[in-house]
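Under the working numbering, the first residue of the sequence shown carries the number 715, and numbering increases by one thereafter.
Hints in this document: simulated from the structure, not taken from any laboratory. Where a beta carbon is used, it is the ideal one built from N, C-alpha and C, also for glycine. One thing to keep in mind: the hints can contain errors.
[Stated by the list, open to error] Here are the simulated distance ranges between beta carbons:
hint, residue 1, residue 2, range
1, Ala727, Gly787, 23 to 29 Å
2, Asp716, Arg773, 16 to 22 Å
3, Ile758, Gly799, 14 to 20 Å
4, Pro776, Thr717, 18 to 24 Å
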Amino acid sequence: MDTVRLETRYGMADGLTPTIAARIAECASRYRAHVSIESEGRTIRIESLISVLSMELRRGLPLAVIAQGEDAGEAAEGLRALLEG
Numbered sequence: 715m716d717t718v719r720l721e722t723r724y725g726m727a728d729g730l731t732p733t734i735a736a737r738i739a740e741c742a743s744r745y746r747a748h749v750s751i752e753s754e755g756r757t758i759r760i761e762s763l764i765s766v767l768s769m770e771l772r773r774g775l776p777l778a779v780i781a782q783g784e785d786a787g788e789a790a791e792g793l794r795a796l797l798e799g
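Sequences and hints are given; from them, build the entire structure.
Given below as structure tokens:
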């Protein structure tokens, strides 16, 4: 199973709003890979809007996007682009 880890920073000026959280969850659901976000010692698997909303994302926060599965590279790149704003 392929695993891809990409480092980035959260780029949305408004922090994490419900609309942005929905976009993150929808983006992750496009792929077969299991996608997680790691930040400040916490790793949250992106499975639903609720899991995304549980993260306290703010502009400039260092993150790692971790994807596991056959389309892990595409999933990690897609989510990283969205998170960077």
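Indices of hints not satisfied (ascending) = 2
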